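Trainee: Below, each chain spelled out in residue letters.
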Amino acid sequence: MAGTATIGSTRRSVSLLERLENSRLGLGLLFLLPAAVLLLVFLTYPLGLGVWLGFTDERIGRPGIYIGLENYGFLWHDSVFWLSVFNTVLYTTVASVLKFGLGLWLALLLNERLPFKAFFRAIVLLPWVVPTVLSAIAFWWIYDAQFSILSYVLQKIGLITGPINFLGDPTNARASVIAANVWRGIPFVAITLLAGLQTISPSLYEAATLDGATSWQRFRFVTFPLLTPIIAIVMTFSVLFTFTDFQLIYVLTRGGPVNATHLMATLSFQRGISGGNLGEGAAIAVAMIPFLLAAILFSYFGLQRRRWQQGGRD
Amino acid sequence: MGFTRRDLLKTTAGASAGLMAPSLLTQRARAQDLSFKPEEGASLRLLRWSPFVKGDEEQWLANTKKFTEATGVEVRVDKESWEDIRPKAAVAANVGSGPDLMFVWFDDPHQYPDKLLDVSDLANYLGGKYGGWYDGPKSYATRDGQFVGLPLATIGNAIVYRDSWVKEAGFSEFPKTTDKFLELCQALQKSGHPVGFTHGHGVGDGNNYAHWLLWSHGGKMVDEKGTVTINSPETQKAIEYAMELYKTFIPGTEGWLDVNNNRAFLAGELSVIANGISAYYSAKNDPKLAEIAKDIRTTNLPVGPVGKPVELYQVTSAVIFKYTKYPNAAKAYLQFMFEEAQMSEWITKSSGYCCQTLKAFASNPVWTADPANAPYAKASETLRPNGYAGPLGYASAAVMADYVLVDMFAEAVTGQQTPQAAMERAEKRANRYYRV
Numbered sequence: 001m002a003g004t005a006t007i008g009s010t011r012r013s014v015s016l017l018e019r020l021e022n023s024r025l026g027l028g029l030l031f032l033l034p035a036a037v038l039l040l041v042f043l044t045y046p047l048g049l050g051v052w053l054g055f056t057d058e059r060i061g062r063p064g065i066y067i068g069l070e071n072y073g074f075l076w077h078d079s080v081f082w083l084s085v086f087n088t089v090l091y092t093t094v095a096s097v098l099k100f101g102l103g104l105w106l107a108l109l110l111n112e113r114l115p116f117k118a119f120f121r122a123i124v125l126l127p128w129v130v131p132t133v134l135s136a137i138a139f140w141w142i143y144d145a146q147f148s149i150l151s152y153v154l155q156k157i158g159l160i161t162g163p164i165n166f167l168g169d170p171t172n173a174r175a176s177v178i179a180a181n182v183w184r185g186i187p188f189v190a191i192t193l194l195a196g197l198q199t200i201s202p203s204l205y206e207a208a209t210l211d212g213a214t215s216w217q218r219f220r221f222v223t224f225p226l227l228t229p230i231i232a233i234v235m236t237f238s239v240l241f242t243f244t245d246f247q248l249i250y251v252l253t254r255g256g257p258v259n260a261t262h263l264m265a266t267l268s269f270q271r272g273i274s275g276g277n278l279g280e281g282a283a284i285a286v287a288m289i290p291f292l293l294a295a296i297l298f299s300y301f302g303l304q305r306r307r308w309q310q311g312g313r314d
Numbered sequence: 001m002g003f004t005r006r007d008l009l010k011t012t013a014g015a016s017a018g019l020m021a022p023s024l025l026t027q028r029a030r031a032q033d034l035s036f037k038p039e040e041g042a043s044l045r046l047l048r049w050s051p052f053v054k055g056d057e058e059q060w061l062a063n064t065k066k067f068t069e070a071t072g073v074e075v076r077v078d079k080e081s082w083e084d085i086r087p088k089a090a091v092a093a094n095v096g097s098g099p100d101l102m103f104v105w106f107d108d109p110h111q112y113p114d115k116l117l118d119v120s121d122l123a124n125y126l127g128g129k130y131g132g133w134y135d136g137p138k139s140y141a142t143r144d145g146q147f148v149g150l151p152l153a154t155i156g157n158a159i160v161y162r163d164s165w166v167k168e169a170g171f172s173e174f175p176k177t178t179d180k181f182l183e184l185c186q187a188l189q190k191s192g193h194p195v196g197f198t199h200g201h202g203v204g205d206g207n208n209y210a211h212w213l214l215w216s217h218g219g220k221m222v223d224e225k226g227t228v229t230i231n232s233p234e235t236q237k238a239i240e241y242a243m244e245l246y247k248t249f250i251p252g253t254e255g256w257l258d259v260n261n262n263r264a265f266l267a268g269e270l271s272v273i274a275n276g277i278s279a280y281y282s283a284k285n286d287p288k289l290a291e292i293a294k295d296i297r298t299t300n301l302p303v304g305p306v307g308k309p310v311e312l313y314q315v316t317s318a319v320i321f322k323y324t325k326y327p328n329a330a331k332a333y334l335q336f337m338f339e340e341a342q343m344s345e346w347i348t349k350s351s352g353y354c355c356q357t358l359k360a361f362a363s364n365p366v367w368t369a370d371p372a373n374a375p376y377a378k379a380s381e382t383l384r385p386n387g388y389a390g391p392l393g394y395a396s397a398a399v400m401a402d403y404v405l406v407d408m409f410a411e412a413v414t415g416q417q418t419p420q421a422a423m424e425r426a427e428k429r430a431n432r433y434y435r436v
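In order, the protein sequences belong to chains A and B. Numbering-wise (our numbering), the first sequence opens with residue 1 and increments by one. Numbering-wise (our numbering), the second sequence opens with residue 1 and increments by one.
Check each hint, because a few of them may be wrong.
Unchecked claim - Label-pair ranges, simulated between beta-carbon atoms:
{"no.": "1", "chain 1": "B", "residue 1": "E40", "chain 2": "A", "residue 2": "L29", "range": "49 to 57 Å"}
{"no.": "2", "chain 1": "A", "residue 1": "P225", "chain 2": "B", "residue 2": "Q420", "range": "54 to 62 Å"}
{"no.": "3", "chain 1": "A", "residue 1": "T93", "chain 2": "B", "residue 2": "E83", "range": "29 to 37 Å"}
{"no.": "4", "chain 1": "B", "residue 1": "G192", "chain 2": "A", "residue 2": "T93", "range": "51 to 59 Å"}
{"no.": "5", "chain 1": "A", "residue 1": "I65", "chain 2": "B", "residue 2": "E58", "range": "46 to 54 Å"}
{"no.": "6", "chain 1": "A", "residue 1": "V133", "chain 2": "B", "residue 2": "E40", "range": "41 to 49 Å"}
{"no.": "7", "chain 1": "B", "residue 1": "R435", "chain 2": "A", "residue 2": "F219", "range": "55 to 63 Å"}
{"no.": "8", "chain 1": "A", "residue 1": "I149", "chain 2": "B", "residue 2": "V91", "range": "47 to 55 Å"}
{"no.": "9", "chain 1": "A", "residue 1": "V97", "chain 2": "B", "residue 2": "K308", "range": "51 to 59 Å"}
{"no.": "10", "chain 1": "B", "residue 1": "S363", "chain 2": "A", "residue 2": "W128", "range": "56 to 64 Å"}
{"no.": "11", "chain 1": "B", "residue 1": "V91", "chain 2": "A", "residue 2": "W52", "range": "12 to 20 Å"}
{"no.": "12", "chain 1": "B", "residue 1": "E424", "chain 2": "A", "residue 2": "T199", "range": "56 to 64 Å"}
As the list claims (entries may be wrong) - The calculated DSSO-like cross-link candidates involving lysine-lysine, where the alpha carbons are at most 27 Å apart (straight line), are:
{"no.": "13", "chain 1": "B", "residue 1": "K180", "chain 2": "B", "residue 2": "K294"}
{"no.": "14", "chain 1": "B", "residue 1": "K65", "chain 2": "B", "residue 2": "K37"}
{"no.": "15", "chain 1": "B", "residue 1": "K190", "chain 2": "A", "residue 2": "K156"}
{"no.": "16", "chain 1": "A", "residue 1": "K156", "chain 2": "B", "residue 2": "K288"}
{"no.": "17", "chain 1": "B", "residue 1": "K325", "chain 2": "B", "residue 2": "K65"}
{"no.": "18", "chain 1": "B", "residue 1": "K247", "chain 2": "B", "residue 2": "K237"}
Quick caveat, the hints were computed from the structure, so don't treat them as lab data. Computed from a predicted model, the values in this text were never measured in an experiment. Ideal Cβ positions, reconstructed from N, Cα and C, are used throughout, including at glycine.
Given the sequences, and given the hints that come with them, work out the whole structure.
Mentor: In structure tokens:
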């Protein structure tokens with residue numbers, strides 16, 4: 001009949017489409033395509049290009065040729081590069097530990113029954129909301145060698161006689177930039193951990209209390225294990241953000257005094273863009289990848305072990 | 001009217017030269033006439049550094065408007081913070097699209113000379129008409145005898161000091177030699193009005209100070225062939241001098257960026273700084289700082305053992321990218337802006353911030369309008385190119401961008417390294433760039 005005839009004729013012309021519709025693999029690939037293209041164009045290609053540039057002597061305005069590991073060889077013998085590696089590791093470690101400790105503490109406080117709870121939670125987010133460059137400029141004034149508000153107040157109280165050399169002395173400068181980074185990074189850790197805390201069922205605490213657990217035991221054996229998955233995620237991100245920090249250093253010290261606060265990211269910019277040596281700048285950026293991978297692997301395999309999370313031992 | 005754009009350009013040039021009747025300008029003007037006919041429907045985009053003094057920008061825009069009225073060519077003038085110019089220009093050159101013209105800094109034209117339009121015809125015409133280009137700015141804009149840009153201006157740097165405090169310290173006039181200068185700084189420290197020069201990563205001030213220290217004592221980064229010669233007895237002398245001077249500084253100078261010295265000076269914390277004229281003008285234009293402004297004097301940096309003033313300064317050139325669709329319009333624009341009528345007015349309105357690159361403009365009234373302007377008048381004349389005495393290019397630019405010299409002095413004065421070790425480290429770092 002007419003109906004069958006139509007079906008018969010369309011079957012031949014759309015058979016490919018139809019076969020695709022019925023094939024789970026084909027459809028799967030089709031639906032993956034947009035995401036795959038996005039990833040390839042915006043992530044894989046730039047990353048690949050960056051890695052490739054690290055193996056060339058490309059300069060701005062002049063295409064480079066392949067030079068193998070020469071950039072890395074030069075960096076290996078470059079004291080400023082190693083200083084920046086040291087600074088970056090120090091900066092990331094100290095800032096991340098502080099951000100985690102203070103952030104967790106803040107999250108626990110905010111999880112208690114507080115008056116004006118919503119207000120406090122909103123306030124805590126402020127440092128995260130302010131654009132980094134603006135908060136960096138504010139810190140720049142706070143740390144100014146002559147006009148620091150901190151020095152001024154301490155001098156008025158009579159605790160110190162001269163202004164503190166915040167950004168001039170290597171140790172002070174490192175501590176100052178870390179403090180600014182911690183100030184900015186705490187809200188992210190605190191708010192995310194707070195969200196994690198609220199997913200923990202109150203009945204677990206009730207059961208623990210009935211069993212006679214102290215508040216430390218409740219934290220150690222209930223809160224902490226249940227929070228580790230989110231801690232792993234938060235700290236991975238926090239470490240990545242800290243490790244690749246740029247704006248804060250660029251505004252506050254531009255890597256000074258005498259490169260004491262140069263991070264790998266700022267050195268990469270200084271050599272690659274200001275200095276015009278794209279190849280070497282890229283090599284420094286690529287040298288950051290092993291550290292970042294290590295941080296990610298640590299959090300995945302270290303902090304996300306199930307049995308450990310459930311309070312047992314491996 | 002049967003008036004073409006070409007005629008108009010010629011007449012404006014002629015008329016402006018005519019205004020300076022008794023000068024040497026008129027004699028040559030007619031013989032070396034040159035004009036470019038803008039392409040049909042041309043429009044231009046210029047990217048410049050954000051001005052430090054308002055008058056500079058206002059006059060440049062006013063002159064641009066005159067150009068548009070005369071030729072019908074629209075020119076859009078964008079600005080960027082001066083430190084962002086270098087990467088922007090490099091990317092534009094690399095990618096082959098962006099503004100048609102740009103004001104760039106230092107060795108930039110030497111980093112991608114093949115991407116820049118050869119403007120030798122225009123430069124030779126302007127040089128012939130206006131008494132020639134100063135050697136320093138010219139070297140930044142020429143490559144193998146060809147002009148790849150027009151030297152636009154030198155941003156002078158000079159000592160800015162508080163006259164009453166210097167007198168109080170027992171000096172009737174400001175010292176002219178480095179030895180006497182050290183004595184003054186020591187006296188000022190004793191009287192509670194310390195000095196301060198930037199040892200931090202301040203692009204302008206940090207480099208100006210470090211290069212003055214090195215060059216005034218006869219040290220140099222490289223020789224004529226580009227071999228690194230920073231490790232020398234002269235450099236050692238320079239470092240030792242810097243260490244003595246540093247002892248008289250206000251604390252914190254090793255962490256300073258470009259604005260710290262102005263800020264502390266205007267707050268009355270410092271007696272002597274080295275800076276562009278902007279430090280003086282911000283005091284002069286602020287009623288609250290009238291007292292300080294009256295006390296401010298300027299002078300050139302002291303002369304060291306080499307016996308003549310040598311300084312780095314900040315040098316800017318105007319370049320046209322080869323990729324522009326309207327090379328003739330761009331050349332016509334630059335020609336118009338460099339002609340007497342426009343250039344004179346621009347230098348005047350820049351209040352001494354932009355020093356002329358063409359010798360004929362040295363008689364500009366701005367240099368005598370305020371005694372404080374005078375030290376900035378010779379910036380183009382006494383400047384020594386970056387990476388002296390070697391060739392300009394990638395290596396000289398990279399060494400400066402990596403703060404090799406600034407760090408060398410900072411390492412030594414803060415006691416992190418001995419002078420010898422600081423020199424050796426600088427030598428090693430410089431060699432990484434000059435290896436090619």
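Trainee: Each hint needs a verdict: does it hold in this structure or not?
Mentor: Hints, verified against the model:
Range check, E40(B) to L29(A): Cβ separation about 52 Å, and the 49 to 57 Å hint holds. In this structure the hint that P225(A) and Q420(B) lie 54 to 62 Å apart at CB holds, the actual value being about 58 Å. Our hint of 29 to 37 Å for T93(A) and E83(B) holds, since their Cβ atoms are close to 30 Å apart. At roughly 43 Å, the beta-carbon separation of G192(B) and T93(A) lies outside the given 51 to 59 Å, and the hint is violated.
Taking the beta carbon of each, I65(A) and E58(B) are about 47 Å apart, inside 46 to 54 Å as hinted. Look at V133(A) against E40(B): about 44 Å separates their beta carbons, and that is inside 41 to 49 Å. Between R435(B) and F219(A) the Cβ separation comes to about 58 Å, which falls inside the hinted range of 55 to 63 Å. I149(A) and V91(B) have their C-beta atoms about 39 Å apart, which leaves the hinted 47 to 55 Å range violated.
Look at V97(A) against K308(B): about 56 Å separates their beta carbons, and that is inside 51 to 59 Å. Here the CB-CB span from S363(B) to W128(A) is close to 58 Å, well matched to the stated 56 to 64 Å. Under the hint 12 to 20 Å, the C-beta atoms of V91(B) and W52(A), about 18 Å apart, fit the expected range. Between E424(B) and T199(A) the beta carbons are some 59 Å apart, a value that agrees with the proposed interval 56 to 64 Å.
Between K180(B) and K294(B) the alpha-carbon distance is near 25 Å, which keeps this suggested pair within the 27 Å criterion. Restraint check for K65(B) and K37(B): satisfied, since their Cα atoms lie roughly 18 Å apart, inside the 27 Å limit. Between K190(B) and K156(A) the alpha-carbon distance is near 24 Å, which keeps this suggested pair within the 27 Å criterion. Straight-line distance between C-alpha atoms of K156(A) and K288(B) comes to about 25 Å, which keeps the hinted pair within the 27 Å bound.
Our distance criterion of 27 Å between C-alpha atoms is met by K325(B) and K65(B), whose separation comes to about 21 Å. A threshold of 27 Å between alpha carbons decides the hint, and for K247(B) with K237(B) the separation of about 16 Å falls inside it, so the pair holds.
Going down the numbered hints, you'll see the structure goes against 4, 8, while the others check out.
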